[in-house]
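Colleague: Spelled out, the chains give:
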Amino acid sequence: SQQGEEDPQALSIQEGENATMNCSYKTSINNLQWYRQNSGRGLVHLILIRSNEREKHSGRLRVTLDTSKKSSSLLITASRAADTASYFCAPDRGSTLGRLYFGRGTQLTVWP
Amino acid sequence: NAGVTQTPKFQVLKTGQSMTLQCAQDMNHEYMSWYRQDPGMGLRLIHYSVGAGITDQGEVPNGYNVSRSTTEDFPLRLLSAAPSQTSVYFCASRLPGSNEQFFGPGTRLTVL
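Chains A and B, in that order, give the protein sequences.
Each residue of the first sequence is one higher than the one before, counting from 1 in this note's numbering.
Each residue of the second sequence is one higher than the one before, counting from 1 in this note's numbering.
Simulated from the structure, these hints should not be mistaken for laboratory data.
It is possible that part of the hints are untrue.
Straight-line alpha carbon distances no greater than 25 Å define the calculated SDA-like cross-link-like pairs of lysine to any residue that follow [to be verified]:
| id | chain 1 | residue 1 | chain 2 | residue 2 |
| --- | --- | --- | --- | --- |
| 1 | B | K9 | A | V44 |
| 2 | A | K56 | A | R93 |
| 3 | A | K70 | B | M41 |
| 4 | A | K69 | A | S51 |
| 5 | A | K26 | B | K9 |
| 6 | B | K9 | A | G40 |
| 7 | A | K70 | A | G40 |
| 8 | A | K69 | B | K9 |
| 9 | B | K9 | B | D38 |
| 10 | A | K70 | A | Q9 |
| 11 | A | K56 | A | G40 |
| 12 | A | K26 | B | N99 |
| 13 | A | K70 | B | N65 |
| 14 | A | K70 | B | N99 |
Label-pair restraints from in silico Cβ distances [stated by the list, open to error]:
| id | chain 1 | residue 1 | chain 2 | residue 2 | range |
| --- | --- | --- | --- | --- | --- |
| 15 | A | H57 | B | G97 | 38 to 44 Å |
| 16 | B | E59 | A | R54 | 37 to 43 Å |
| 17 | B | M19 | A | H45 | 44 to 50 Å |
| 18 | A | T20 | B | S18 | 24 to 30 Å |
| 19 | A | K56 | B | S80 | 45 to 51 Å |
| 20 | A | K69 | B | A2 | 39 to 45 Å |
| 21 | A | V44 | B | N28 | 19 to 25 Å |
| 22 | A | G40 | B | T15 | 35 to 41 Å |
Ideal Cβ positions, reconstructed from N, Cα and C, are used throughout, including at glycine.
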């Protein structure tokens with residue numbers, strides 16, 4: 001299987017709290033990408049972390065990658081109601097095959 | 001740039017009818033993909049293309065055909081629609097190599 005598996009399937013928190021989502025995968029990768037999907041919309045790219053990186057930040061997002069454990073985590077700090085969405089990880093093998101696989105995602109709900 | 005566009009936004013078909021879902025991008029992306037998204041199933045890859053004239057099957061290709069005559073367009077054809085093809089369909093594109101994928105807004109298809 002080439003897709004990532006996100007955990008937990010659903011996460012419910014209050015505004016201001018941090019949200020952590022995890023991703024596990026099975027193949028070797030060139031990079032791993034995280035996407036967000038608001039209800040009824042297409043996926044939007046959030047952040048990409050390369051296999052030689054261990055941590056990356058973008059605004060309130062922090063992504064970590066542990067290639068030895070084949071896992072990644074996405075941390076959203078100081079969550080807002082607008083962060084309510086589904087979050088997907090996509091392990092990218094970086095080959096010329098062009099395929100990118102997605103799992104079932106984590107549904108994050110942030111209550112005001 | 002318009003990005004990735006999909007038409008129609010909504011479609012209702014009767015079992016056995018055929019139709020084509022349109023997808024176009026104006027970013028000169030070589031890689032294009034079609035996904036379907038069903039509740040609880042995440043996104044599943046139907047077909048993908050790494051350039052004009054080159055297509056290949058993803059995870060769930062049965063019942064769908066694709067062609068790629070130009071870099072810009074990647075239509076998805078349902079030859080004989082079945083209720084099991086009721087889903088939301090997303091088209092996506094990206095540049096070769098390890099780059100983010102851009103998604104269209106989706107087509108919501110119902111087959112009666």
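Colleague: Each of the hints needs a verdict: does it hold here or not?
Modeller: Consistency of the hints with the structure:
About 18 Å separates the Cα atoms of K9(B) and V44(A), which keeps this hinted pair within 25 Å; it holds. At roughly 19 Å between alpha-carbon atoms, K56(A) and R93(A) fall within 25 Å of each other, so this suggested pair holds. As the CA atoms of K70(A) and M41(B) are separated by approximately 22 Å, the hinted pair is consistent with the 25 Å bound. Simply put, K69(A) and S51(A) have alpha-carbon atoms about 12 Å apart, close enough for the 25 Å limit, and the pair holds.
Distance restraint check for K26(A) and K9(B): the Cα-Cα separation of roughly 35 Å exceeds the 25 Å cut-off, and the hinted pair is therefore not satisfied. Pair hint K9(B) plus G40(A) holds up; C-alpha atoms about 11 Å apart against a cutoff of 25 Å. With a C-alpha separation of about 30 Å, the suggested pairing of K70(A) with G40(A) is violated against the 25 Å cut-off. Note on K69(A) and K9(B): the hinted pairing is violated, with a Cα-Cα distance of about 41 Å set against a maximum of 25 Å.
Distance restraint check for K9(B) and D38(B): the Cα-Cα separation of roughly 16 Å lies within the 25 Å cut-off, and the hinted pair is therefore satisfied. Of the supplied pair hints, the one linking K70(A) and Q9(A) holds, its CA atoms being roughly 18 Å apart against a limit of 25 Å. Restraint check: the Cα-Cα separation between K56(A) and G40(A) comes to about 28 Å, which exceeds 25 Å; the hinted pair is violated. With a CA separation close to 20 Å, the supplied pair K26(A) and N99(B) stays within the 25 Å bound.
Annotation: proposed proximity of K70(A) to N65(B) is violated, straight-line Cα distance about 34 Å (limit 25 Å). Pair hint K70(A) plus N99(B) holds up; C-alpha atoms about 20 Å apart against a cutoff of 25 Å. A hinted range of 38 to 44 Å for the beta carbons of H57(A) and G97(B) is inconsistent with their spacing of about 23 Å. Roughly 31 Å separates the CB atoms of E59(B) and R54(A), a value that falls outside the hinted 37 to 43 Å.
Separation of M19(B) from H45(A) is about 29 Å and departs from the stated range, judged on CB atoms against 44 to 50 Å. Between T20(A) and S18(B) the C-beta distance comes to about 45 Å, which lies outside the given range of 24 to 30 Å. Distance hint check for K56(A) and S80(B): the Cβ-Cβ separation is about 46 Å, which falls inside the suggested range of 45 to 51 Å. The supplied range of 39 to 45 Å is met by K69(A) and A2(B), whose beta-carbon atoms lie about 41 Å from each other.
Separated by about 20 Å at the C-beta atoms, V44(A) and N28(B) satisfy the suggested range of 19 to 25 Å. Checked against the hint of 35 to 41 Å, the pair G40(A) and T15(B) fails, with Cβ atoms roughly 26 Å apart.
The structure does not agree with the numbered hints 5, 7, 8, 11, 13, 15, 16, 17, 18 and 22 stated previously, though it agrees with the rest.
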